[in-house]
Amino acid sequence: MSTLSLRERIADFHAAYIRCIDQDALEQWPDFFEAQCHYSVTTAENDRAGLAAGLIWANNRNMLHDRVSALRHANIYERQSYRHILGLPFITQSTPEVVEVETPFMVVRIMHDGQTDLFVCGIYRDVFKPGSDTLKLTSRRVICDSNRIDTLLAVPL
Amino acid sequence: MSDYQPIHWSTEGYTRVPYAVYQQPDVLAQEQKKIYEGPTWSYVCLDAEIPQGGDYRTSHVGNAPVVVVRDDDGEIYAFENRCSHRGALICLDRAGKTRDFQCVYHAWTYDRQGNLKGVAFEAGLNGAGGMPEHFCKEDHSPRKLRVAVFCGLVFVSFSEDVDSIEDYLGPEICARIERVLNKPVEVIGRFTQVLPNNWKLYFENVKDSYHASLLHLFFTTFKLNRLSQRGAVIVSESGGHHVSYSMVDAPDQAAGTQYQEQGLRSDQDGYRLADPSLLQGFKEFEDGITLQILSVFPGFVLQQIQNCLAIRQVLPKGVASTDLHWTYLGYASDTPEQREVRLKQANLIGPAGFVSMEDGAVGGFVQRGIAAAGDLEAVIEMGGESTSSSPSRVTEASVRGFWKAYRQLMQA
Chain A
1 MSTLSLRERI
11 ADFHAAYIRC
21 IDQDALEQWP
31 DFFEAQCHYS
41 VTTAENDRAG
51 LAAGLIWANN
61 RNMLHDRVSA
71 LRHANIYERQ
81 SYRHILGLPF
91 ITQSTPEVVE
101 VETPFMVVRI
111 MHDGQTDLFV
121 CGIYRDVFKP
131 GSDTLKLTSR
141 RVICDSNRID
151 TLLAVPL
Chain B
1 MSDYQPIHWS
11 TEGYTRVPYA
21 VYQQPDVLAQ
31 EQKKIYEGPT
41 WSYVCLDAEI
51 PQGGDYRTSH
61 VGNAPVVVVR
71 DDDGEIYAFE
81 NRCSHRGALI
91 CLDRAGKTRD
101 FQCVYHAWTY
111 DRQGNLKGVA
121 FEAGLNGAGG
131 MPEHFCKEDH
141 SPRKLRVAVF
151 CGLVFVSFSE
161 DVDSIEDYLG
171 PEICARIERV
181 LNKPVEVIGR
191 FTQVLPNNWK
201 LYFENVKDSY
211 HASLLHLFFT
221 TFKLNRLSQR
231 GAVIVSESGG
241 HHVSYSMVDA
251 PDQAAGTQYQ
261 EQGLRSDQDG
271 YRLADPSLLQ
281 GFKEFEDGIT
291 LQILSVFPGF
301 VLQQIQNCLA
311 IRQVLPKGVA
321 STDLHWTYLG
331 YASDTPEQRE
341 VRLKQANLIG
351 PAGFVSMEDG
361 AVGGFVQRGI
371 AAAGDLEAVI
381 EMGGESTSSS
391 PSRVTEASVR
401 GFWKAYRQLM
411 QA
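Protein chains in written order, with this note's numbering: chain A, 1 to 157; chain B, 1 to 412.
It should be emphasised that the hints constitute simulated quantities derived from the structure, not laboratory data.
The structure presented is a predicted model; accordingly, all values stated were derived computationally and were not measured.
Incorrect hints may appear among the rest.
To be verified - Partial list, derived from the structure: chain A residues whose beta carbon lies under 8 Å from chain B:
1) Glu-45
2) Asn-46
3) Ala-52
4) Gly-54
5) Trp-57
6) His-65
7) Ala-70
8) Ala-74
9) Asn-75
10) Glu-78
11) Asn-147
12) Arg-148
13) Ile-149
14) Ala-154
Cβ coordinates follow ideal geometry from the N, Cα and C atoms, glycine included.
Using the sequences plus the hints, can you model the full thing?
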């Protein structure tokens, strides 16, 4: 077992996750999830209203692979990258079986022409199984604070 | 009134559109008066979103803010969200439930039918101040709108002269709405996509059945293509509304080889979904139609892509900015398994949709592309000059139909 504290392990996980996306290593992005997992992107308004649909909604890791291959091979969008900035993780539940964490994020989108804007902010609402050496997500709900998405959401959050 | 050139339409037909109509603020102002406040119906919300007395939602008709509210008589009322005193918004929230409405500025109150009922300190204080005696509250209500509900869709109109909703839509459009909204629906998600383009570019895109298989490569890349399917385009008599649909006899999977034969960009080999269950839905429409995109002038879209149902409301926010409000739907009768299919297939649509994300960007490509071309024109000639229904979807008939309805209202 790791000698790192749970908080340190979560911080390491977050750092590796956002580095993966921001460096455009999207093919590795699904590896941050368990094979049986949930990943969705929604908004605070939908979350409050208990509305289940997401901008992105996946109930297994293969769907995450499919999203990456669609972005690489099918979908048309202007070249762009993200810079994720995360706040401090707040551990809402911690037992030997399950860890639940909320972490605020901001994402700046950088378009190919250099235009740089705050794209979204919100929280990650995460569930991990803490047992194994490497933390993997069993669930990540990305809850954007605003209901308005500029132009399109191609790259995952 | 403005420094802008009058819009010049170069042909008798509807095959050319001057780019200036997407650029000039004076055009947007005329559209508000002649289209949004003209003899048209604008979708504002679902009947099911305001089920009980006092339930309300706010929305817009063009740029005019409106309140849509159900009263205890069960009827739905709509009025301009503008206090008749100084013009402030009466209602600030997107949705809620209320006994009446009170403007926050000077506490003038309105009932659920939009009637001015209370003026704070109307009689003054201690015999001083107050409104003149001849001030009549009945004469000071915000503009009221006509309301029509069709298949649970709430439409409103500023116009006294507009046709009934059934006549406005026409029988073919009515029937195509009825085939989708044939039982109670539930909202399962709401999202807003901010488009960097004029509203007309998005609405034309919805009607443009020609672009679908060329811009959106998801289905063809993953061998899920459906171009070999039977389908058609229906354009309403007015030109303003349309339906594009396609059907298969068996649900999907029978991906044809026609794309490869045509050598299109979409014929790349080797890509398959790791989770093909994305499109393994269930049959719920007896007519076999797996895709139906329906638009109602000037800004309503009803969409069925397999089991994925949604409404899109198109609202101008400026010459080059449009809000696209998505309302994702399920049926109230859905089983948990059916609902999960809808959640899964919702990956196809919306701002991150596999088959719709491009539509969020392509209008911006046009808006930027025409920046210096206000005196030039778009060419809309695929399928000829006709604005009528067509058995082929390789046509721009419904786009021309849009311009027919648009120019009629704009007297252009």
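Evaluation of the provided hints:
no., hint, verdict
1, Glu-45, "holds, 7 Å"
2, Asn-46, "holds, 5 Å"
3, Ala-52, "holds, 6 Å"
4, Gly-54, "holds, 7 Å"
5, Trp-57, "holds, 5 Å"
6, His-65, "holds, 5 Å"
7, Ala-70, "holds, 5 Å"
8, Ala-74, "holds, 4 Å"
9, Asn-75, "holds, 6 Å"
10, Glu-78, "holds, 7 Å"
11, Asn-147, "holds, 5 Å"
12, Arg-148, "holds, 5 Å"
13, Ile-149, "holds, 4 Å"
14, Ala-154, "holds, 6 Å"
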